[in-house]
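What follows is the residue order along each chain.
2 protein chains.
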Amino acid sequence: MNSNETMKPYVIGLDLGGTNSVFGIVDSRGEIKAQIAIKTQGYDKVEDYVNASIDALMIIIDQVGGLDKIKAMGIGAPNGNYYKGTIEFAPNLSWGHNGIVPLAELFSKKLNNIPVGLTNDANAAAIGEMTYGVARGLKNFIVITLGTGVGSGIVINGQMVYGCDGFAGELGHTTMRPDGRLCGCGRKGCLEAYCSATGVARTAREFLEKTDDDSLLRALKAEDITSLDVSIAASKGDKLANRVYEFTGELLGEACANFAVFSSPEAFIFFGGLTKSGDLLMKPLVKSYNDHVLKVFKDKAKFLISGLEGSSAAVLGASAIGWELSEK
Amino acid sequence: MNSNETMKPYVIGLDLGGTNSVFGIVDSRGEIKAQIAIKTQGYDKVEDYVNASIDALMIIIDQVGGLDKIKAMGIGAPNGNYYKGTIEFAPNLSWGHNGIVPLAELFSKKLNNIPVGLTNDANAAAIGEMTYGVARGLKNFIVITLGTGVGSGIVINGQMVYGCDGFAGELGHTTMRPDGRLCGCGRKGCLEAYCSATGVARTAREFLEKTDDDSLLRALKAEDITSLDVSIAASKGDKLANRVYEFTGELLGEACANFAVFSSPEAFIFFGGLTKSGDLLMKPLVKSYNDHVLKVFKDKAKFLISGLEGSSAAVLGASAIGWELSEK
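Which chain is which? The protein sequence lines are A and B, in order. Numbered according to our numbering, the first sequence spans residues 1 to 328. Numbered according to our numbering, the second sequence spans residues 1 to 328.
Treat the hints with caution; some may be incorrect.
Treat identical chains as interchangeable: a pair holds within one or across any two.
As the list claims (entries may be wrong) - Under the rule of at most 25 Å between Cα atoms (straight-line distance), these lysine to any residue pairs were calculated in the SDA-like manner: (1) K300 / N98; (2) K71 / R29; (3) K71 / E105; (4) K110 / E327; (5) K236 / M282; (6) K276 / G18; (7) K221 / K239; (8) K298 / R181; (9) K298 / E88; (10) K276 / A197; (11) K84 / K300; (12) K39 / I114; (13) K139 / E327; (14) K39 / F89; (15) K188 / F247; (16) K139 / M160; (17) K298 / R177; (18) K287 / R181; (19) K139 / Q159; (20) K71 / L325; (21) K300 / F89.
FYI, nobody ran anything at the bench for these hints, they're computed from the structure. Please read these numbers as outputs of a predicted model, since none were measured by experiment.
Use the sequences and the hints to build the structure in full.
Next up, the structure:
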C-alpha cells in the first residue's frame with residue numbers, strides 16, 4: 001500500500017437504480033465499510049437529487065473519517081455515458097428522462113472536486129467482476145446482465161469496450177429473430193425481448209396460450225405472471241415452466257455463439273435476477289452454445305454465474321470505476 | 001527517423017493467398033520498393049515452400065541492399081494465428097491443411113532471426129487500413145473483407161482484437177438467418193453464405209430460379225454464374241442483377257447494425273472484390289443499416305471502401321504487422 005492509499009483509502013460506489021440509489025464506501029480490497037440508500041425518484045431537478053444524495057453520503061463519509069479519506073467516486077447508472085460522465089435521456093428517471101445530465105460533474109463539485117466516473121450499470125458489473133469477482137485475471141470476457149432488460153459489459157485485452165461514443169456493449173439489442181417480438185426499443189426480435197425477466201414472463205404467457213398443457217402457472221392471471229413465478233413453478237417440476245427456461249437458455253446460447261465470433265472471449269459471465277434459476281437456465285444455454293458456435297470455438301469458453309451476490313454487487317462494481325479512475 | 005530506422009529501413013510483407021504468395025519490401029511510408037511472387041501450392045512439405053520463398057525473397061532483398069536492411073517480416077495468411085505465429089488446419093493449403101504449421105518461426109530462422117509476425121488475412125487488411133489506408137487516425141473500426149468468403153478485422157481502442165485464442169473477428173460466420181443457407185463451415189445462415197462473392201452468385205441463381213423475370217444472366221449456364229457476371233449485368237441496368245446487389249447490401253447493413261451494438265465503431269470499412277460494385281452495394285447497405293440499427297447509433301458510423309487499391313494492398317497490410325512487431 002503506497003502513502004496515497006494510506007491517506008485516502010476509500011472510494012464511493014453509487015448503484016443508481018430506477019427505484020433506489022445505494023451508496024457504499026469501499027476499501028481497496030472490496031470491503032464495504034459503510035452503506036446508505038435514498039429513493040432515486042421524487043425529484044424534479046437533478047440538483048435536488050444530488051443535494052439529497054450528498055446529505056445521505058455525508059453521514060457515511062463521516063463514519064469513515066471525513067471527505068479527506070475519499071479518493072474518488074464511481075457511478076453505475078442506466079444510460080450512463082463513460083466518456084462524458086453524463087446520463088442521457090434515461091426513460092425511467094424523473095430528473096433525467098428528457099435531456100443530458102452531467103451527473104459526474106455535479107457530484108464532483110459537491111465533493112471537493114474528487115474524480116467522479118460514471119458508466120452504465122452493465123459496464124459497472126463487468127468492472128466489478130474484473131476487480132472483485134469471477135473475472136479476476138481474465139483479459140477477454142463478456143458480462144451479460146439478465147434483469148428487467150438484458151445488458152452487457154464487454155472486456156477485450158483487459159479493457160472495457162466503450163466504443164467511439166461510450167455506448168458500446170448493448171448486446172441486449174442484438175437482433176436474434178428478424179420480424180420477431182417487438183422490443184421496448186421499438187425494433188423487432190432483440191435478445192432482450194426474449195431473455196430478460198419480462199421476456200421470460202412473455203414466453204410463459206405465449207406457451208400457456210399456444211398449448212393446453214397442464215401448468216401451475218394456469219392458476220395465475222396471465223398478465224400477472226412474472227419470471228419469479230415461472231422459476232418457482234419450474235423448481236416444483238412444472239414441465240411448461242421448464243420449457244420456458246429451456247427456450248430462454250437456448251436463445252441465449254445462440255446469441256453467445258454469435259458474440260464468440262466477434263471477440264472470442266475466454267468466459268461469458270451472467271449477472272442478475274434470472275441467474276438465480278441456475279442450471280435450469282445454464283444447462284440448455286451451454287448446450288445450445290456448443291451446438292451453434294463455429295467449430296474453432298467449441299468447448300472453449302467458460303460459462304460462469306457472477307460471484308458478486310447480494311445487493312452489494314452493484315455498489316462494488318460502481319466503486320471499481322472509482323478505483324480505475326484514481327489509478328490514471 | 002531514428003538511427004535504427006536509418007540502418008534497417010524496410011520490412012517484408014507476405015500476402016499468402018490460396019494461389020499466389022506475393023512478397024514485398026516496404027519502407028516506413030508504405031512504399032513498396034521491390035516485389036516478387038511464387039506459387040503457393042505444389043509443395044508437399046512446408047519446408048519446401050519456405051525454401052522456395054527464401055530463394056525468391058533473396059532476389060529482392062539484394063535489390064534493397066541485403067538482409068541487414070530488413071527489420072522484420074509480416075505475413076497475412078488464411079487461418080493464421082497471431083498469438084502463435086502459426087497456420088492452423090488451412091483447408092486450401094497443400095502443405096498446411098492437416099496440422100499446425102509454425103510458419104513465422106520457419107521464416108525467422110532462415111532470415112537471421114528477424115522478428116516475424118503472422119495473422120489472418122482480414123486482420124492484416126485492418127492493420128493495413130490503420131497504418132496506410134482510410135482508417136488512419138481511427139481507434140474503433142471494423143474491416144469487412146468481401147471476397148470468396150467474408151472475413152473481418154476488428155480494431156477497438158486502437159488495438160486489433162485477437163480474443164483469447166487469436167481467432168476473434170470471424171464475423172463472416174455470424175448467424176444471420178437461423179436455418180438459412182448452408183455455409184462452408186457446416187452451419188446454417190452465416191453472413192458468408194449470403195454476402196461473399198460466392199454468396200452473390202448463389203443469390204443470383206436463386207432469383208433466376210424463383211422468378212420468370214428477364215435477365216441478361218439467363219444467357220449463362222446457372223452453375224457458371226459468378227459475382228463478376230452479376231456485377232456486369234447490373235452495370236448494364238439488368239433489374240434482376242440489381243436486386244441481387246440490393247439483397248446483398250441489405251443483409252450486410254443488417255449485420256453491421258448488430259456489430260454496432262457490440263463495439264460502436266466509428267467506421268465500417270469494406271475491402272475486396274465485391275466493393276468494386278460501389279454504390280450498387282453501398283447504397284442499400286447504408287440504408288439498411290440505418291433502418292435496422294438501435295436509435296442511439298443511427299447516422300453515426302461512416303461506411304468506407306478501402307483506399308488500398310490494387311494487388312499491393314494485401315502486401316502493405318502484411319508489412320504493417322512487421323512494423324507493429326518491430327515497434328514493440
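Status of the hints after comparison with the structure:
no.	hint	result
1	K300 / N98	between (44 Å within a copy, 21 Å between copies)
2	K71 / R29	within (14 Å within a copy, 45 Å between copies)
3	K71 / E105	within (15 Å within a copy, 48 Å between copies)
4	K110 / E327	within (21 Å within a copy, 45 Å between copies)
5	K236 / M282	within (18 Å within a copy, 54 Å between copies)
6	K276 / G18	within (21 Å within a copy, 50 Å between copies)
7	K221 / K239	within (18 Å within a copy, 54 Å between copies)
8	K298 / R181	between (29 Å within a copy, 21 Å between copies)
9	K298 / E88	between (39 Å within a copy, 16 Å between copies)
10	K276 / A197	within (11 Å within a copy, 46 Å between copies)
11	K84 / K300	between (36 Å within a copy, 17 Å between copies)
12	K39 / I114	within (24 Å within a copy, 63 Å between copies)
13	K139 / E327	both (18 Å within a copy, 22 Å between copies)
14	K39 / F89	within (19 Å within a copy, 58 Å between copies)
15	K188 / F247	both (18 Å within a copy, 19 Å between copies)
16	K139 / M160	both (10 Å within a copy, 14 Å between copies)
17	K298 / R177	both (23 Å within a copy, 20 Å between copies)
18	K287 / R181	both (24 Å within a copy, 22 Å between copies)
19	K139 / Q159	both (8 Å within a copy, 14 Å between copies)
20	K71 / L325	within (9 Å within a copy, 38 Å between copies)
21	K300 / F89	between (39 Å within a copy, 17 Å between copies)
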